[in-house]
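Trainee: The chain contents come next:
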Amino acid sequence: MKNKMLRSVAVLVAVGLSAPVLADEDADLVINEEIEITVRAPAPDHTENLSEIFSGWVFRSAETQAMQMDDFDNPGMIGVESAMADWAAVDGSEGKSCASCHEDAETSMKGVRAVYPKWNEEAGEVRTLEMQINDCRTTRMGAEEWKWSGDDMVDMTALISSVSRGMPMNVAIDGPARETWEKGKEIYYTRYGQLELACANCHEDNYGNMIRADHLSQGQTNGFPVYRLKTASLNSTHKRFRGCIRDTRAETFAEGSPEFIALDLYVASRGNGLSVEGPSVRN
Amino acid sequence: MKHRALTLACAVTLTGAAWAETAPEAVSYDYGAVAESLSGAPGDPEAGRAVMVSRGLGNCIACHEVTALSDAPFHGEVGPMLDGAADRWTEAELRGIVANAKMMFDGTMMPAFYKTSGYIRPGDAFTGKAATEPLPPLLTAQQIEDVVAYLLTLKE
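Same order as they appear, the protein sequences are chains G and W.
Counting from 1, one number per residue, gives the positions in the first sequence under our numbering.
Counting from 1, one number per residue, gives the positions in the second sequence under our numbering.
Worth double-checking, as some hints may not be accurate.
[As the list claims (entries may be wrong)] Chain W stretches covered by chain G per the calculated footprint, using a threshold of three residues with CB under 8 Å from any CB of chain G:
1) 44–54
2) 58–70
3) 127–136
4) 140–151
What the hints contain is simulated information worked out from the structure, not anything from laboratory work.
From the three backbone atoms N, C-alpha and C, an ideal C-beta is built for every residue, glycine too.
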């Protein structure tokens, strides 16, 4: 398997150097010949400037697309496996593991990723999966917080995503979440940095176009966490946001900041209707 | 750099006039166009060509396709193709577009290459860290002139 992976990376690099990498924009995604993934859907009403939404998978090269069609070829699944061990491992002062409260992740976590980020009534805030995981760790297990983009955290979000694959993203943006959503929307359309570029400039006005060697997608988050071939690691949404803002020659926001939590909710809502797809594979 | 200094020196001796650079804040735009050379010196199209393709400088081909630059890999599709740009625009218009395209095309995605302030969360190049304005402009006055000289060669 490792060999096969290496080979597809080598092909990618070779193609990338000689000619623009071609994406098969009409391909459909079925994982393990079993899980059907919706990669194109009508845009939700609150996404006024798009009529159709697409998963980032659609814009990747045929080789990268193929890596996600079988869990044996998807390097992100290694993170899922490692999180399964953490799921069952007792940690912290209370002598508990995730499994002590939630039993089997495959059953108890099914559907969870599709509705996150989500308003938490008790805490009076919008919470991402990372925040919920850390809340369980500190208040229920008496364990230490995990870092936002640490391996253990990203792997755990991969496990929780993987059991919802194929279910439609459906984050709520009404009621008490509305204010956070509005704030995220404002950030999405703000032109940051010395290049004065907003998320919308690249991912709304120019998806499908090349920007130098990159084929721009709609910047959807339904595939997160994403295994990036470039860094050979699983990445959180906030890490991706940070990279994109940095590339506008701007001062970024911190991972876990209120700004990125709001942006996370807003961007997720633009993908309502696409399937949960994480861990996905991108270049 | 050395080359640039030489060109400047020549220009100054040739005209005999004092060489005066226009600072980014002092540029005056007339319907988006800028009449006078920003460096006070003529541009060098060969140097301009290098600025167009370099990621660390103009990186113009990130967004524009230019047939004459097809030896450099990866041209973007975000902006219009620049073949024949010199047939569509005058020198003053091209200078204005490169210095600050927002003066010519309201709300355009094209970055302003000769501007130092008025940014939201300006960063220190690509570090993601904060920077204080005024920032150095993305291109120097002479680099803008060089790019304009190069664009003037794009005739169909």
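Trainee: Three residues minimum, CB to CB under 8 Å: does the segment 58–70 of chain W make the cut for coverage by chain G? Let me know.
Mentor: holds (count 4)
Trainee: Taking 8 Å as the Cβ threshold, is the statement that the segment 44–54 of chain W is covered by chain G upheld or broken by the three-residue rule?
Mentor: violated (count 0)
Trainee: Would you check chain G against the segment 140–151 of chain W, counting CB to CB pairs closer than 8 Å, and say if three or more residues qualify?
Mentor: With 0 residues closer than 8 Å to chain G, the segment 140–151 of chain W misses the three-residue bar; violated.
Trainee: Count the residues of the segment 127–136 of chain W whose CB lies closer than 8 Å to any CB of chain G, then report whether that count reaches three.
Mentor: holds (count 6)
Violated hints, in rising order: 1, 4; the structure is consistent with all others.
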